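Engineer: Read off the chains here:
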Amino acid sequence: MDLIWDGLRKALELLVGLDPEVLGITLLSLKVSGLATLISVVLGMSAAVAVALNEFPGKRLVIALMNTGMGLPPVVVGLFVTVLLWRNGPLGFLGILYTPAAIILAQAVIATPIIAGLGLAALQHLPPELRLQILSLGATRPQLVWLLLREARLPLLAAVMAGFGGVISEVGASIMVGGNLKGSTRVLTTATVMETSRGNFEVAFALSFLLLILAFSVNALLTHLQQSRRPR
Amino acid sequence: MTRSACLRLGLTLATALCPALLSAAPPVQKVVILATTTSTQDSGLLDELVPAFERETGYAVKTIAVGSGQAIAMGKRGEADVLLVHSPDAEKGLMTDGAGVNRRLVMHNDFILVGPAADPAGLAKLGAVACFQRIAATGSLFLSRGDNSGTHAQEMKLWKAAGLAPEGKAWYQQTGQGMGQTLAIAAEKKAYTLADRGTYLALRKKLGLPILHEGDPALRNVYHVIEVNGARFPKVNTAGGRAFADFMVSKAVQTRIKDFGIALYGSPLFFADAGLPE
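Those protein sequence lines, which keep their order, are chains A and B.
For the first sequence, position 163 matches number 163 in our numbering, and the numbering has no gaps at all.
One gets our numbering by counting positions in the second sequence from 1 and adding 232 to each.
A few of these clues could be false.
Stated by the list, open to error - Pairs of lysine to any residue, SDA-like flavour, derived with a Cα cap of 20 Å:
1. K262/B to L14/A
2. K182/A to K308/B
3. K308/B to E202/A
4. K182/A to K467/B
5. K438/B to N88/A
6. K438/B to K182/A
7. K467/B to G7/A
8. K262/B to L94/A
9. K438/B to E202/A
10. K467/B to F93/A
To be verified - Computed footprint of chain A on chain B, listed as stretches where at least three residues anywhere in the stretch have a Cβ under 8 Å from a Cβ of chain A:
11. 266 to 277
12. 287 to 297
13. 308 to 321
14. 426 to 439
In short, the hints are calculated from the structure, not lab data.
Source: prediction; values computed, not measured.
Glycine included, every Cβ here is placed at the ideal spot set by N, Cα and C.
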């Protein structure tokens, strides 16, 4: 137990003292997972809208695949992305293995199905008459999509939070494609794993608390967006 | 939130985040990928040596700390420029294969057998191989790394020497994790395990697992530096790999290795060996 208290105290020390290394790691976590989530929102929401608004053969199979993708294990994604990005691999010419870009790529692969799957469920949950009603009022297709997204705003933002939560907390992919390089690809989760294996449990706890604080802050912001000016 | 507000937020985020990406990739030739074992990173040795190397040469080192098994596999595929590893048999495979060149001795420390203070198997004063036979005979819980690391390879060698095949036995469990975690689990479960001295010394205070056997020549833990063959893998940074290997065996660095850890742990973690016969 005292380890946890020491960790909490250490976390406060690091925060208040603005330890440059820890600050850098925290900011990198935010940047990497934030950008990955942003990419996943664009891709995932587009997929959700496309599937929700169109009827096509094999739709159920596609939905089942999207839902399966929500459970993609980060290490599996990490392994695939690593092998693809190896300098002798198919995407080796990009030269982004062991850079933050590689982590963003892997995390986007993890978060996209989460946002797509939950986003699709949110859109499908809307009453079907709503779409007809909007169309009968003469809305164009983009207007229809926009109104539906607005209508499903609460669960859609929950989907974004789930996506962000999935990637800010994952370690398997980040450590494989990023390499946990000091000052370059070390994020909060990979630093926590390293400090744990070094036996620096207080530092590991401190990093864990910073991770929780970061996750809370981002989610508090998103929740604020979600709950302010609720429709009706 | 209105659409324009959404857009503005998105743009702000994008402009805030993009510089991080663009600044991420240094020029390719200046990067050296070092594949090494967790023990060199977890002990803190590389934190001291790598920045010095970068300052001296201008190279940027990407230290990928994994098990020796993975590090050697990366070398075999030309995915690293230089290796610092401690799994002699696997290293020899890499050399015969031709993927590695210029294998040089850097340093050693040793493996130790640790276990619960009560020592239920009664290992005190036995030889290393006899210890392993005794653990098996008494069915005492033994934790194996089970991750193809250098430590795991050494452990397998000792079981073989003892004429035993412990896999699948109830008293033999594999953690599949690094040395630090495996030691922590051994402390919790009051189990025996084989550890490298460096990691053990770094964690000793927190563990409460005494050393039950040490000093046997069979327990030497030898680290070599190996350059990856640039003739076979055109993308390998041959000059960078060579520079790092030369750096590791240089006189100044050997002195730093010899002194490393004395201030913190009271005894050195590694013994400098460059230039000595194998």
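Engineer: Does each hint hold? Answer for all of them.
Structural biologist: Hints, verified against the model:
1. K262/B to L14/A: Since the Cα atoms of K262/B and L14/A sit roughly 33 Å apart, the hinted pair is violated (cutoff 20 Å).
2. K182/A to K308/B: violated, 25 Å
3. K308/B to E202/A: Cα-Cα ~38 Å, so violated.
4. K182/A to K467/B: violated, 24 Å
5. K438/B to N88/A: Between K438/B and N88/A the Cα gap is close to 43 Å, so the pair fails against 20 Å, i.e. violated.
6. K438/B to K182/A: At roughly 25 Å apart (the allowed maximum being 20 Å), K182/A and K438/B break the hint.
7. K467/B to G7/A: Given that 20 Å is the threshold and the Cα spacing comes to 43 Å, the pair is violated.
8. K262/B to L94/A: Status holds; Cα separation ~16 Å.
9. K438/B to E202/A: holds, 12 Å
10. K467/B to F93/A: At roughly 10 Å apart (the allowed maximum being 20 Å), F93/A and K467/B satisfy the hint.
11. 266 to 277: holds (count 4)
12. 287 to 297: Holds: 4 residues of the region 287 to 297 of chain B have a Cβ under 8 Å from chain A.
13. 308 to 321: Answer holds; 3 residues pass the 8 Å Cβ test.
14. 426 to 439: holds (count 3)
Of the numbered hints listed earlier, those contradicted by the structure are 1, 2, 3, 4, 5, 6 and 7.
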